[in-house]
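Enquirer: Protein sequence lines correspond, in order, to chains A and B.
If you count the first sequence from 1, you need to add 27 to reach the working numbering.
If you count the second sequence from 1, you need to add 27 to reach the working numbering.
Honestly, the hints are just simulated from the structure, not real lab data.
There could be a bad hint or two in this list.
Since the list can't tell identical chains apart, any single copy or any two copies may satisfy a pair.
[What the hints assert, rightly or not] No more than 20 Å apart at the CA atoms, straight line, and that leaves these computed lysine to any residue pairs for SDA-like:
#: 1; residue 1: K219; residue 2: G264
#: 2; residue 1: K219; residue 2: S116
#: 3; residue 1: K136; residue 2: D300
#: 4; residue 1: K254; residue 2: N232
#: 5; residue 1: K219; residue 2: L231
#: 6; residue 1: K241; residue 2: L224
These figures come from a predicted structure and were not determined experimentally.
Number of protein chains: 2
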Amino acid sequence: MMNCVETAALLKSWDHILILSHASPDGDTLGSACALMRGLVSLGKQVDFRCADEVPEKFAYLFQGIPLGGFSPEHVMTVDVAGIALLGSLREEYEAKIELAIDHHGTHKPFAERRWVEPESGATTEMIWLLFKELGIKPDSAMADCVYTGISTDTGCLRYRNATPRSYRIAAEAIEAGANAAEINRIMWESKTRAQLEAERFALNTLEFFCGGKGALIRVPRSILEKTGTKDSDLDGIAALPRQIAGVLLGITVKEKENGEIKASVRANPPADAAALCAKFGGGGHTGAAGCSFSETSIDEVADKMKAACEEELLVVSN
Amino acid sequence: MMNCVETAALLKSWDHILILSHASPDGDTLGSACALMRGLVSLGKQVDFRCADEVPEKFAYLFQGIPLGGFSPEHVMTVDVAGIALLGSLREEYEAKIELAIDHHGTHKPFAERRWVEPESGATTEMIWLLFKELGIKPDSAMADCVYTGISTDTGCLRYRNATPRSYRIAAEAIEAGANAAEINRIMWESKTRAQLEAERFALNTLEFFCGGKGALIRVPRSILEKTGTKDSDLDGIAALPRQIAGVLLGITVKEKENGEIKASVRANPPADAAALCAKFGGGGHTGAAGCSFSETSIDEVADKMKAACEEELLVVSN
């Protein structure tokens, strides 16, 4: 296990660096990768980026103007990747080559030669901000945008338990360095298309309660996406909804993905533990928010499995 | 116009202080009143509180343990009140007696003998936090809860344009002083009853677009509240929704209140201006969020008026 100073020293000695994000990329893994790439480029290094899944359009600004690739990588590292399985289809190609992992997941399962893991960080981009200081990089507004994006998306814009005073202060510093916080938050939290709104309404109609109202589940079959013309990622926001209902400790969303996989997203209120629940199915995440995937099954079977697992988890919690 | 130091000196010289919040009280006016009352009590002073409307149940914790009243007030002041009309039914009784107004609204219309108005503050509770420092008060966790509540509710938990680096830093300091940020945010942003969810679904069904999709309007007639068993304040969250739809510059919610008044809530994306729009009807607020009230009319008439005013505002903006 390394610390910030050692990680900075290691990065200083590297060049031609490939940074990997986790599959189904979110604002923190992409914000961390882009912030770090921008920082390394400012030090005169060459960088490249890969992710198993396509980068959602709303995150395109993170990458704007970063010169990528044109070399064969000498060093491979990951950001915000809690376990090797989360590299998705890139796992096989890179599994044996990863020299460094920077991550903030308490559930981090070591896979890289060296790692800097700080579970008390609200977002991995917070760690990148600390790295900047250690590397003597004065963040420009694009770096600040990347760091702010990770904090905002991973802490529910400072709403969740994982946001610490340090998260707030780094967000403040990022804004002072030029991060366009209000616009980033508008894109991440306050903007949906009419089609998305329609899809959410259909999804909401599938809401069911179980375990005497301590569990709530929403189903998003492909038919909803097809009839509204929306994409998988258009409905990411819905996962937060079931947990918001009074009395609910475990909120589940099961979604049929385009490739036939079924993705379950779990959100938990204390004392329920979303990560513990998803670990039963090989998934991972945080206490408050976690996920797991299933293949060769149906959305209704996954819903049944998740409900049964919730009942067990709620039994443990209430004992 | 006073500053923080002068306001602190004035408050030091007072005792038996009545603090007034604005009608339809929100987290900032109540958080400011309760934080300040707690601070003044810690200095050995006696305080009291009044508001034209009932305090919503979810804000009850702000008041817990504050010894109120039992005296006839020597001094009357307001917090977060942008104009005398916003005192609602208390206006007549106190209009001539208000010695001090502490407020952060850019649209503040002077009504008190003295005032400290800081439009660059994300919330009035930020100003109370500065007052604590000036008064030598070391905030306890209850004071920190009150201050954090105002910042969270008035900035959309740091999401909106009005959240400055100082807002983030004061929020960080409040958390360090013991504010239970995650729980406050859960109550304010992440918790709804099944009845609320149902009412929101009915309200969403009234969504209509106008001005070529630059305006969106939701109607909340009493019938929705009656058939779902919800109260006016249960549907406060819906006001944020119309503006979240892609392309919408002005999002309007018109709500029929229990007393027959019609309340219009306006949310704007730049360059549209919610405060300018509401000022046409004697209302007020901020550029991004404002409101106005109508009596002796119907919800549909108000909807028509608001749509016409939006068209004018959007015409101005696009020229």
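Enquirer: Which numbered hints are broken by the structure, listed smallest first?
Expert: Number 2 - this is the single hint that the structure violates.
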